[in-house]
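Enquirer: For the record, the sequence lines run as chains A and B. So in my numbering, spot 90 of the first sequence is number 90, and the numbers just go up one at a time. So in my numbering, spot 221 of the second sequence is number 353, and the numbers just go up one at a time.
FYI, nobody ran anything at the bench for these hints, they're computed from the structure. Here the structure is a predicted model, which is why all the values come from computation and not from measurement. Any given hint might turn out to be false.
Unchecked claim - For lysine to aspartate or glutamate, the following EDC-like pairs were computed, each having C-alpha atoms within a straight-line distance of at most 16 Å:
(1) Lys846/B - Asp49/A
(2) Lys191/B - Asp394/B
(3) Lys878/B - Glu772/B
(4) Lys281/B - Asp49/A
(5) Lys491/B - Asp474/B
(6) Lys125/A - Asp109/A
Unchecked claim - With the Cβ distance kept under 8 Å, some of the chain A side facing chain B (calculated, not the full set):
(7) Thr48
(8) Leu67
(9) Thr83
(10) Leu112
(11) Leu114
(12) Leu120
(13) Leu131
Said to hold, decoys possible - Among the chain A residues that face chain B by a calculated CB cut under 10 Å, a handful are:
(14) Gly71
(15) Ser72
(16) Ala73
(17) Arg79
(18) Tyr88
(19) Arg105
(20) Glu106
(21) Leu107
(22) Gly119
(23) Met121
(24) Gln123
By construction, the Cβ of each residue, glycine as well, lies at the ideal position given by its N, Cα and C atoms.
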Amino acid sequence: MNAHSETKVKRLIPLLFAVLLTGCASIGQVAYMPPSISDADSSHADRTDAVGTLLDQAWNAMADNDLNSAGSALSRAMRISPTDPSVYYLMAQLRKKQGHYGQARELADRALSLGPASGLMRQIKSFLTSLG
Amino acid sequence: MVTKKKTPSRGKRSPGHKKKARNAGGGRRWFPTLVKLGIVGLILLAAYSVYLDAVVTQKFEGKKWAIPAQVYARPLELYEGQLLNPNELQAQLRRQGYQAVRSVKRPGTFARTGNHFTIYSRGFHFPDGAESSRHASVVFSGNEVISLKGKAAENIPLLRLDPQLIGGIYPSTFEDRILIRESQAPRYLTTALLAIEDKNFYDHWGVSPSSIARAFLVNLRAGGVVQGGSTLTQQLVKNFYLSNDRTLTRKFNEAIMSVLLDFHYSKEEILETYLNEVYLGQHGRRAIHGFGLASHFYFAQPIQELSLARVALLVGLVKGPSYYDPRRFPERAKARRNLVLDVMADEGVVPRSEAERSKKLPLGVVTREQLNTSAYPAYIDTVKKQLREDYDEGDLTSEGLRIFTNMDPVIQRFAQKSMTDTVDQLDKNNPDLQGAMVVTSAQTGDLLAVVGDKNPGYIGFNRALDARRPVGSLLKPAIYLTALEQPARYTLTTPVKDYPIRVSDGQGGLWEPANYDGKSRGMVPLQEALAKSYNQAAIQTGMALGLNNVLNTIERLGIEKKLPPYPSVMLGAASLSLMDVASMYQTIASGGFRMPLRAIDAVVDARGHPLKRYSLSIERAFDSAPIELLRHAMGQVMREGTGRRAYWSISQDIQLAGKSGTTNDLRDSWFAGFTGNLMTVTWLGNDDNSPTNLTGSSGALRVWTRFMQQVPIKSVQPLNSREIEYVWIKPVSNVRTGKSCEGAVKVPYITGSEPEEYQGCGRTMIEPAKTLFDSIKSWFE
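Could you put together the complete structure from these sequences and hints?
Expert: Set out below in structure tokens:
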């Protein structure tokens with residue numbers, strides 16, 4: 001029951017955010033934009049754990065357009081933490097960069113099925129929308 | 133012809149002058165003949181030398197050897213939070229030839245004090261780049277790595293060890309080698325080799341007349357061949373270009389070719405080729421060539437790490453690898469090694485004291501059991517099968533490819549051990565009992581282990597890949613998944629009919645399946661029908677859904693083989709391989725995504741350039757919600773049904789999911805199931821298809837459980853689906869109830885499909901429609 005309620009509470013958060021952001025948008029034209037590889041820093045840069053380090057490596061490799069290295073780092077991360085939605089999400093972004101849109105969608109969908117936290121869930125959904 | 137031409141001229145001379153002419157003029161007449169003969173001989177010799185020269189240079193400059201592909205296991209990665217038994221780490225380090233030392237100073241060594249390891253890892257060139265050698269300190273608490281630090285006590289997020297070499301893909305000659313550069317040879321290798329085999333290597337022209345003369349005298353005195361006068365160059369020519377015949381022609385060719393080789397190439401090039409060509413042992417049909425491979429074959433270590441004593445042993449083996457075989461004749465080998473050490477000291481190559489110290493050391497040869505190459509034939513077999521889809525056999529056996537696989541050496545070892553130990557226990561009544569097993573990563577489909585026989589290292593029929601056996605109840609999840617995809621008709625608690633039923637047997641007759649215990653139970657909740665594996669309920673439900681719909685689900689789950697459209701197929705009359713079953717259960721374990729089972733991670737060419745990566749590729753085959761319901765029911769199989777024996781030895785806190793399978797007359801015993809991280813299929817049976825007296829639960833489940841209790845496992849996590857609601861239910865009457873009521877269980881439903889009727893702890897009532905307030909309140913309960 002607790003887990004169930006928690007999920008529901010989590011579901012409320014994006015709703016509250018949406019309400020807040022709508023408010024903001026009407027005042028200062030601020031809208032939520034998903035971070036993209038080209039114009040942001042790696043969101044994993046501060047992590048010192050194994051998976052975080054590999055995600056950071058993958059992220060930086062993608063920023064440098066070294067897509068093979070990014071793929072390797074993500075495969076290693078996946079071996080260590082095969083149910084971490086952020087690994088699948090970054091791999092989805094990599095597939096998109098490689099032009100494999102079908103796989104990008106499947107991997108993002110997989111990330112969603114693994115119960116991402118609300119912020120990540122929002123990013124993944126926005127990513128899926130961007131794939132059309 | 134030459135002689136004939138001259139003959140008539142003799143007849144012109146007068147008989148009176150015969151003797152004188154013969155004596156005085158004979159020399160004059162024969163001289164030009166001899167000169168001409170000599171010139172012709174020289175021309176022939178020159179022509180022959182030109183031919184031999186072409187032979188020598190062509191082979192030396194072309195691709196010298198066919199290099200078999202090398203197959204590697206997945207590398208062991210250490211990181212904080214990793215679950216690993218410290219004894220397993222130690223065993224794995226030893227399997228990879230890491231030497232246990234007191235003080236860790238060079239790559240390939242480690243020290244252990246209780247739960248604290250110091251490891252000096254080896255550098256390695258992975259498909260994604262080079263990993264440098266690293267000095268690290270690893271601390272365990274129980275079976276968990278709690279700290280990983282570098283030499284300066286800095287935190288290291290990850291330590292990737294070099295991967296274990298697990299086999300090769302050999303050509304029909306079974307000649308195997310690992311190439312090394314002369315510069316990679318350990319300090320004493322070439323000096324020892326030259327001191328023993330060819331002291332004047334740097335001074336002679338390929339052949340050494342003085343050595344031949346010395347050998348000739350020694351042999352004359354001994355009355356037989358006791359010493360060879362061959363230079364290293366001659367030995368190379370003999371092995372590299374010529375047959376092993378002891379004929380004069382061969383000797384003649386050898387001498388000319390040696391001079392030519394020495395003329396064309398530097399001493400270093402010749403020496404390097406020798407280091408890689410020389411025959412140093414036999415492993416079944418596989419011929420061990422070159423010092424690089426010999427080092428792995430005898431010591432499980434890369435050549436660069438060998439100590440003086442070990443180098444001396446390898447050099448000693450050159451004279452006769454089978455006569456001095458250190459595994460079969462350790463005393464003989466030791467005497468030979470010590471002789472090499474003495475010669476090295478005599479020649480001033482090493483200090484006498486160091487030679488004496490080395491002479492006291494044991495041989496240090498790893499046993500054949502420790503020698504891991506070809507210890508995993510069933511896995512290598514699977515790798516080969518997958519490789520043949522992308523590569524020619526010729527490329528695999530000759531181009532020096534490096535194959536990086538997903539085999540996890542720790543998982544593979546436990547899988548084989550669980551099979552061997554369980555079959556040993558069970559086979560008191562049935563000595564021919566056999567088994568097979570497949571283990572994958574539950575989320576990614578990486579193939580972690582393949583067991584093809586009860587005996588480890590057995591090379592032969594690979595049951596995991598090639599056996600096709602009826603699967604019994606293993607297909608029942610497909611029937612109920614078909615049902616659960618129709619939430620308006622079926623939920624986990626919908627009563628299904630467990631009544632006798634007659635259906636077509638596909639051969640013009642009728643077939644009437646019975647339950648295992650012969651009893652029919654009337655109406656039973658769907659999840660109980662699966663958990664207890666009722667046959668009649670399964671067929672009744674399957675027929676109600678439509679056979680073709682169930683077959684379609686089986687196909688979507690990953691069984692690509694077309695199954696015959698008979699109702700008996702739903703109860704597992706169709707024969708499938710373990711890999712087929714694994715594909716199907718993989719889709720369920722991963723939450724409804726289909727994915728190939730991948731034995732190979734990457735292939736790189738001889739120069740280290742990646743040729744192909746086999747990265748994860750997935751496809752959603754089922755929505756999360758019905759798959760989550762099925763996984764819940766398969767959890768019930770483990771808690772209350774035919775899989776409950778697993779919890780006798782696995783903690784109740786771990787959520788498991790699985791299904792047993794038994795075939796007619798107990799001929800096949802199956803179990804397929806998963807944890808959050810591992811998916812495993814096990815099978816037991818007799819090769820001649822005779823009864824085993826084992827059900828899925830009493831046979832294959834034991835192997836499954838024994839394996840799962842020995843490796844780190846995680847709980848199956850519920851899938852995130854917005855369409856799932858959990859409701860307190862009385863399953864027998866399929867009504868909602870209060871959570872504190874007796875017999876109440878929490879069951880997942882696809883939203884809107886949950887029963888509406890409510891029954892309190894004592895009385896029945898219809899629940900009033902929920903208000904918005906009730907819904908919000910329930911979120912916080």
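Enquirer: Against each hint, give a clear statement of whether it holds in the structure.
Expert: Do the hints match the structure? See the list:
1. Between Lys846/B and Asp49/A the alpha-carbon distance is near 19 Å, which puts this suggested pair outside the 16 Å criterion.
2. Only pairs whose Cα atoms come within 16 Å are accepted, and Lys191/B paired with Asp394/B is accepted, the gap being roughly 14 Å.
3. A C-alpha spacing of about 15 Å is found between Lys878/B and Glu772/B, which places the hinted pair at or below 16 Å, so the restraint holds.
4. A hinted pair counts as satisfied when its Cα atoms are at most 16 Å apart, and Lys281/B with Asp49/A qualifies at roughly 12 Å.
5. Distance hint between Lys491/B and Asp474/B is fulfilled; the C-alpha atoms sit about 9 Å from each other, no more than 16 Å.
6. Distance restraint check for Lys125/A and Asp109/A: the Cα-Cα separation of roughly 9 Å lies within the 16 Å cut-off, and the hinted pair is therefore satisfied.
7. Hint on Thr48/A holds. Least Cβ distance to chain B is approximately 6 Å, under the 8 Å limit.
8. The closest approach between the C-beta of Leu67/A and any C-beta of chain B is roughly 11 Å, which is over the 8 Å cut-off, so the hint fails.
9. The criterion of a C-beta within 8 Å of any C-beta in chain B is met by Thr83/A, whose closest approach is roughly 6 Å, and the hint holds.
10. Interface hint status for Leu112/A: upheld, as the beta-carbon distance to the closest one in chain B is roughly 7 Å, under 8 Å.
11. For the restraint placing Leu114/A at the interface with chain B, the shortest Cβ-Cβ distance is roughly 6 Å, inside the 8 Å limit, so the hint holds.
12. Checking Leu120/A against chain B: minimum C-beta separation of about 12 Å lies over 8 Å; hint violated.
13. The beta carbon of Leu131/A comes no nearer than 14 Å to any beta carbon in chain B, farther than 8 Å, and the hint placing it at the interface is violated.
14. Evaluation of the Gly71/A hint against chain B yields a held restraint, the C-beta minimum of about 6 Å falling below 10 Å.
15. Hint status for Ser72/A: holds, given a least beta-carbon distance of 3 Å to chain B, under 10 Å.
16. The interface hint given for Ala73/A holds, since its Cβ lies 7 Å from the closest Cβ of chain B, which is under the 10 Å cut-off.
17. A hinted interface residue such as Arg79/A counts as satisfied when its beta carbon comes closer than 10 Å to some beta carbon of chain B; here the least separation is about 7 Å, so the hint holds.
18. Nearest Cβ of chain B to the Cβ of Tyr88/A: about 9 Å, under the 10 Å cut. The hint holds.
19. Here the hint on Arg105/A is kept, as its CB sits about 9 Å from the closest CB of chain B, short of 10 Å.
20. Annotation: Glu106/A was flagged as interfacial toward chain B, and the flag holds, the nearest CB pair being 5 Å apart, inside 10 Å.
21. With a least beta-carbon distance of about 7 Å to chain B, the hint placing Leu107/A at the interface is held under the 10 Å criterion.
22. With a least beta-carbon distance of about 15 Å to chain B, the hint placing Gly119/A at the interface is violated under the 10 Å criterion.
23. Because the smallest distance between the Cβ of Met121/A and any Cβ of chain B comes to about 9 Å, under 10 Å, the interface hint for this residue holds.
24. The beta carbon of Gln123/A is not positioned within 10 Å of any beta carbon in chain B (closest approach about 15 Å), and the interface hint is therefore violated.
Of the hints listed earlier, those the structure fails to meet are numbers 1, 8, 12, 13, 22 and 24, in rising order.
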